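Residue numbers (our numbering), protein chains in the order written: chain A, 347 to 610; chain B, 40 to 393.
Check before you lean on any hint, since a few could be wrong.
[Unchecked claim] Okay, the calculated beta carbon distance ranges per label pair:
id, chain 1, residue 1, chain 2, residue 2, range
1, B, Asp59, A, Asn445, 28 to 36 angstroms
2, B, Lys216, A, Met455, 52 to 60 angstroms
3, A, Ala552, B, Lys140, 27 to 35 angstroms
[Claimed, not checked] Keeping only pairs whose Cα atoms sit at most 27 angstroms apart, straight-line, the calculated DSS-like set for lysine-lysine is:
id, chain 1, residue 1, chain 2, residue 2
4, B, Lys291, B, Lys347
5, A, Lys533, B, Lys347
6, B, Lys140, B, Lys161
7, A, Lys526, B, Lys146
8, A, Lys526, B, Lys140
9, A, Lys526, B, Lys299
10, B, Lys299, B, Lys146
11, B, Lys282, B, Lys113
12, A, Lys601, A, Lys526
13, B, Lys347, B, Lys392
14, B, Lys392, B, Lys282
15, B, Lys387, A, Lys533
16, B, Lys161, B, Lys108
17, B, Lys113, A, Lys526
18, A, Lys526, B, Lys143
19, B, Lys46, B, Lys113
20, B, Lys108, B, Lys146
By construction, these hints were calculated from the structure, which means they are not laboratory data. Computed from a predicted model, the values in this text were never measured in an experiment. Note that the Cβ used here is the ideal one computed from N, Cα and C, for glycine as well.
Residues per chain are reported as follows:
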Amino acid sequence: MDDRRVNWACRVLAGLVMVFLLAPLVVIVIASFTPTALITFPPKGFSLKWYANIFHASTHFINGLVNSLKLGLIATGVDVFLGVFAALAVCRYDFKGKNALLNYFTSPMYVPSVAFAFVLLQVYSQIGGIPGMARLLIGHLVIILPYIVRNTVSVLHVFDWTLEDAATSLGAAPAQVFFKITLPLAKPGVLAGALLAFLYSFDEVALSSLLSTPKFVTLPIRIMNYMELTFDPTLAAISTLLILASLVLIVLMEKLVGLDMFVK
Amino acid sequence: MATLELKGLVKRFGDFTAVDGMDLQVAQGEMIALLGGSGCGKTTTLRMIAGFTEPTGGTILVDGEDVGKIPPYKRNIGIFFQNYALFPHMTVFENVAFGLKLQKCSKEETARRVGEILSLVKLTGLDGRYPRELSGGQQQRVALARALVTRPSILLLDEPLSNLDAKLRVEMQVEIKRIQRELGITTIIVTHDHEEAVSLADRVIVMNQGRIQQIGTPQEIFDHPASPFVADFMGFSTFLHGKAGGAPRGGKRPILCGEKTLWVAQEEAEDLDEGESCLLALRSESMTLVEARWENAFPGRIESMTYKGHTTRLEVSGCFDEPVFPALGEIPGSGVGDEVLVHFPYRKICVYKA
Numbered sequence: 347m348d349d350r351r352v353n354w355a356c357r358v359l360a361g362l363v364m365v366f367l368l369a370p371l372v373v374i375v376i377a378s379f380t381p382t383a384l385i386t387f388p389p390k391g392f393s394l395k396w397y398a399n400i401f402h403a404s405t406h407f408i409n410g411l412v413n414s415l416k417l418g419l420i421a422t423g424v425d426v427f428l429g430v431f432a433a434l435a436v437c438r439y440d441f442k443g444k445n446a447l448l449n450y451f452t453s454p455m456y457v458p459s460v461a462f463a464f465v466l467l468q469v470y471s472q473i474g475g476i477p478g479m480a481r482l483l484i485g486h487l488v489i490i491l492p493y494i495v496r497n498t499v500s501v502l503h504v505f506d507w508t509l510e511d512a513a514t515s516l517g518a519a520p521a522q523v524f525f526k527i528t529l530p531l532a533k534p535g536v537l538a539g540a541l542l543a544f545l546y547s548f549d550e551v552a553l554s555s556l557l558s559t560p561k562f563v564t565l566p567i568r569i570m571n572y573m574e575l576t577f578d579p580t581l582a583a584i585s586t587l588l589i590l591a592s593l594v595l596i597v598l599m600e601k602l603v604g605l606d607m608f609v610k
Numbered sequence: 040m041a042t043l044e045l046k047g048l049v050k051r052f053g054d055f056t057a058v059d060g061m062d063l064q065v066a067q068g069e070m071i072a073l074l075g076g077s078g079c080g081k082t083t084t085l086r087m088i089a090g091f092t093e094p095t096g097g098t099i100l101v102d103g104e105d106v107g108k109i110p111p112y113k114r115n116i117g118i119f120f121q122n123y124a125l126f127p128h129m130t131v132f133e134n135v136a137f138g139l140k141l142q143k144c145s146k147e148e149t150a151r152r153v154g155e156i157l158s159l160v161k162l163t164g165l166d167g168r169y170p171r172e173l174s175g176g177q178q179q180r181v182a183l184a185r186a187l188v189t190r191p192s193i194l195l196l197d198e199p200l201s202n203l204d205a206k207l208r209v210e211m212q213v214e215i216k217r218i219q220r221e222l223g224i225t226t227i228i229v230t231h232d233h234e235e236a237v238s239l240a241d242r243v244i245v246m247n248q249g250r251i252q253q254i255g256t257p258q259e260i261f262d263h264p265a266s267p268f269v270a271d272f273m274g275f276s277t278f279l280h281g282k283a284g285g286a287p288r289g290g291k292r293p294i295l296c297g298e299k300t301l302w303v304a305q306e307e308a309e310d311l312d313e314g315e316s317c318l319l320a321l322r323s324e325s326m327t328l329v330e331a332r333w334e335n336a337f338p339g340r341i342e343s344m345t346y347k348g349h350t351t352r353l354e355v356s357g358c359f360d361e362p363v364f365p366a367l368g369e370i371p372g373s374g375v376g377d378e379v380l381v382h383f384p385y386r387k388i389c390v391y392k393a
């Protein structure tokens, strides 16, 4: 077949995929500015009232947002610590079963989170009296760890370990080698993993909906609950803000480490 | 500046013995080359001196003191790594200053010493560059500067020239030797290239299978290898099997190779009994083509010719049962298939018991 025709067909296909990916987002963003009580497209007029409604609705979206941020940040922070050392141990040392161990660290990725949540629920009800935040945190710690381990391993996998020897020969003690050489060079992988892990925790519904208590509810659960009762453009407004926040995060990461880290 | 001594150094990995009872004394300011093929134990020896690998047995003494219990970051040994191991996230200045900062040198002192060492390796003005912005030769000199700036007691060089092209290699040989002399630092260089070892070191140590095969000056090792293995490693090309002949005459001893008699220097063959089998070794450059039938000149047929730039290497059969490989400075008039007379100078023949 003619090369040019293939090229042309590829472009059309790529264009269609882009439209398919972006169109719903564009619709939601535009629809969030509608003054009507139902989501309509194209919107009839312009209003910010649904954005104001985020703060005034009977559902406490802001409380949910704060909970989600707290949960995501703490879980990510703890897991960066655990995940980086797990990745280091697996990559630096040669020992029997190191691949098995790596698969073990990343296994929560393959276990359905509903099944995992169900098991946790059983455990919690046996023990009893575990506060809402801890119930979710324990679950999130487990399910987001794989993202940090995997991304850190992908950097350390090609790491030149003689750099550590070089630093050691110049008088750096093990801790100094880690903080001055290994960690700075592994940073792109660690940051990429941390971002993905945080976004996953922030977005997580299945596990959170099973484990959360009325006292500690995350934003996605709030949104779900609201959706069950009312279906007005407030949800479009929230979605628009979340899309914006994601964009800001991605741009920030691009500035910090470069996006090529994510497509590996 | 220090002396180094290895006493019965042994390293085993499971069933494999990488270094098998190594004894060595290195004087202050001396430059030693550990020469051998891959897996001969030279790099393991280097890593044990640096402290990265723990010996299975034996001791390492620096200035007469056992350093076995001293962790690698306190040994004050400068290392030049084969792949340079420059820190990619640091500039040239930061790379070189790394060790000084750990020693808590003041800012002014650090800047002064980095400046000094960079001018010694001729890199002044490149302090702000990152390693990836430098050529291979420049990266190498940064690595050398970084290893030297902390004034280590011993400098270890791991295959320092293997990644460079031929021209740069010669330049760096001169450079490394100059800097080593200027600083008078005790140096051990690990290499698999006999020319590199011979041109850099005061003494060369040939290793094989974890054992020292020969210790000597470059001249000794180059001209009188202690064993056929060392001869082969040092680039001897022609090996002939023979049997020792009768009494020496005029400082020469006859060796019977098949029906022919080859004369060798008497002192080379002194410990051979009459009729004892032996192995003779010659360098390609020692043999020449001659016109008349001198002593030690034998006729043969050219089987192949390989042009190598400054020499032409021949394969000649018929002189003896085994082929010989003379290398000639000029292209001979004769070609493949022609009969020639090959001369074997008796002083250049090494003799081993076989």
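Alanine 552 (chain A) paired with lysine 140 (chain B), Cβ distance criterion 27 to 35 angstroms
With a Cβ separation near 50 angstroms, alanine 552 (chain A) and lysine 140 (chain B) fall outside 27 to 35 angstroms, so the hint is violated.
When you check the alpha-carbon spacing of lysine 299 (chain B) and lysine 146 (chain B), does it fall within 27 angstroms?
At roughly 75 angstroms apart (the allowed maximum being 27 angstroms), lysine 146 (chain B) and lysine 299 (chain B) break the hint.
Holds or violated: lysine 347 (chain B) to lysine 392 (chain B), with C-alpha atoms at most 27 angstroms apart
Judged against 27 angstroms, a Cα distance of about 33 angstroms means the pair is violated.
Verify the CB-CB distance for lysine 216 (chain B) and methionine 455 (chain A) against the hinted window 52 to 60 angstroms.
56 angstroms Cβ-Cβ, so the 52 to 60 angstroms window holds.
27 angstroms limit on alpha-carbon distance, applied to hinted pair lysine 108 (chain B) and lysine 146 (chain B)
Distance ~32 angstroms between lysine 108 (chain B) and lysine 146 (chain B) Cα, so the pair is violated.
Would you mind confirming whether the straight-line C-alpha gap from lysine 533 (chain A) to lysine 347 (chain B) stays at or under 27 angstroms?
violated, 50 angstroms
Holds or violated: lysine 526 (chain A) with lysine 143 (chain B), Cα cutoff 27 angstroms?
holds, 15 angstroms
Just to be careful, I want the Cα atoms of lysine 387 (chain B) and lysine 533 (chain A) compared with a cutoff of 27 angstroms; is the pair within it?
violated, 61 angstroms
Hint consistency between lysine 392 (chain B) and lysine 282 (chain B) [alpha-carbon to alpha-carbon, up to 27 angstroms]
holds, 10 angstroms
Against the 27 angstroms threshold, does the CA-CA distance of lysine 113 (chain B) and lysine 526 (chain A) hold or violate the hint?
holds, 17 angstroms
Lysine 526 (chain A) and lysine 299 (chain B): Cα distance at most 27 angstroms?
violated, 70 angstroms
Between aspartate 59 (chain B) and asparagine 445 (chain A), does the beta-carbon spacing fit 28 to 36 angstroms?
holds, 33 angstroms
In summary, the numbered hints that this structure violates are 3, 4, 5, 9, 10, 11, 13, 15, 16 and 20.
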